[in-house]
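Everything in the sequence shown is counted per my numbering, starting at 1 for the first residue and increasing by one.
Note that these hints are calculated values from the structure, not bench results. Careful: at least some of the hints might be erroneous.
Derived pair list, reagent style SDA-like, types lysine to any residue, alpha-carbon separation capped at 20 Å [unchecked claim]:
#1 K349 - S300
#2 K318 - S276
#3 K349 - S436
#4 K83 - A163
#5 K367 - S276
#6 K130 - E153
#7 K541 - S436
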Amino acid sequence: MKSQTSALLSRSGQDILKADTTLGSGNFLDRCLAVNPARDVPFLFLDAPVTLPCGQSYRSFSLQTLDLARRSLACWYINLGVKRNDIVAVMVAEGITPFLHHLALTSMGATGSLMNPAMPIDAATAYVLKHGFVRLVIDDTLSAAVELAARLEEAYAPCEIAACPRGGEPRGEFMPSSWPVEPADSTLVLLSHTSGTTGIPKAVRHEHRQFFMRKRVRIGQFMEYPDDRLLTALPQSHSAGISHLEIAVLHGIPTLILSDLLGEPVRAALRDFAPSIVLGFPQTYTSLVEAGIAPNEFPSVRRWFSMGDAAHESHVRKVLDGSDDSRFMDLYGNSELGMVLAKEVSREKNLRSRRLIGRPVEISLAKVLHPDTGQEMAEGGIGLIAILSPTSTTGYWQQPELTALSWRNGYFLTGDIGYAEHGNFYQVDRVADVISLPGTSLYSLLLEEELQQIPAVHDVSVVGILPDRRTGQSHAIFALVVPERDSPERDEVIAAEAWSALGNAMEQAGIDTTGTPVFVAVTRDISGIPVGATGKVLKRKLRESFSAYIATSPDSRENFYGIRYITSGTSTDDYPERIRA
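The task is simple: from the sequences and hints, build the whole structure.
And the structure:
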């Protein structure tokens, strides 16, 4: 009898999994091992090899080698002294490695708090200290992880730090009879951190049943064709990355897992692996289109999935140019929602409206609530987006007050501002990024959409700066514009067009532009722009740094991203003096 050459799980096997009421994020691998006869067929492929504690290196994984990796790491954790119900902070290289540590810890009944190595070091240090983690595992070949360990030692943090083994450790043949631990519905399986755009990242709780609810629905639905191939450019230290690798394992779908998630490595993987499905955050697609996409450059792709905030319309259009007849699936969600809970589909000739996040998925309800009263807003009224779903987190680790503030009448407040029309929901801003001006508000994401219609503009971030401490209102508006890479347009021309577009948008909102200075900066060097762990621009940092820059006198100003800026005219001539006063 010939061995099976595909790891794809049959329809009958999928039905067995869906009927298993105990199936969840803490035991899905064991259930897959029990029902999939192709346990030895590799289906998870890597762009770089990983080495297990047993010393064996792998460039691909089957169900059997996933189990070996889990066993090997779990044995190492047991020898390290980790026990059931322990919390372990983990900062290791991107790619499949965070997922392997997640599998090992959940198999022991312990919980990993996976940390993205791209997290700014100050935020990473504060994250560990704030949440009181007493054990940290690092990859000591990562400079970020080594720096984090040094910072914690300098702070005299009561945190035991261990480096991942590089081979030669026990294989895990002799595991306790209780291994793997069978989880209960409420067993904590993961702490995922938020992006930290408004401060120190928060640790979001995910449980065995709650974290799996949306994945259960997608068993048998995620794949549309038997030849589907998946490319994931998600950070596997993020809950979205973990979730979609669970989906890949449940189906046995051929999957390439990237460790380098931006730009040219993604382009090369699209060409070489020829996936039909691509997963990424908006920042992945932003970096991909930054160098340009040729018509039908990626003919194999049928579906592009974008997680998190809604992608900008101009970027969606350019991505769709890369594959004829493909669909761009804009999937709205965040760490707290446990899984994507709203979706909108765009095609090349049927692009979704700007900032449209679509309708809630089948297991979710959504409302727009008044920021003060908590009452549901009338259709078209702008307020707080709130979601009710069984996949939503049970709260923030060791932050009961914040947990309580994040719910209204059973609905989770996503931190977004938006509105609803005809059953569709629109995201117009993050709560923390709304630009408050006397008598009105401006929404930075809507302003960014307007500026991105300028042909020479690749990306843009808009913030309100120098808020009045008494009123919370902004004194000025600042836009940081990144031109198209090969645009021949001069920076000062791009700045002038952006400044004019901002002024028009403000006038349409009834704002007196002579009383509100507008600054536009253009830069072609994005290396210094402050970003969080997932590549999202940290608008809080942008506000702070530009406020400090503009508050100094012209003679003493330090270089700010190597840019030039223009202002709204004579009303800003004495602006630095007014700020210092």
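Structure-based check of all given hints:
1. K349 - S300: The hint holds at about 19 Å.
2. K318 - S276: holds (18 Å)
3. K349 - S436: violated (36 Å)
4. K83 - A163: holds (18 Å)
5. K367 - S276: violated (34 Å)
6. K130 - E153: holds (15 Å)
7. K541 - S436: holds (18 Å)
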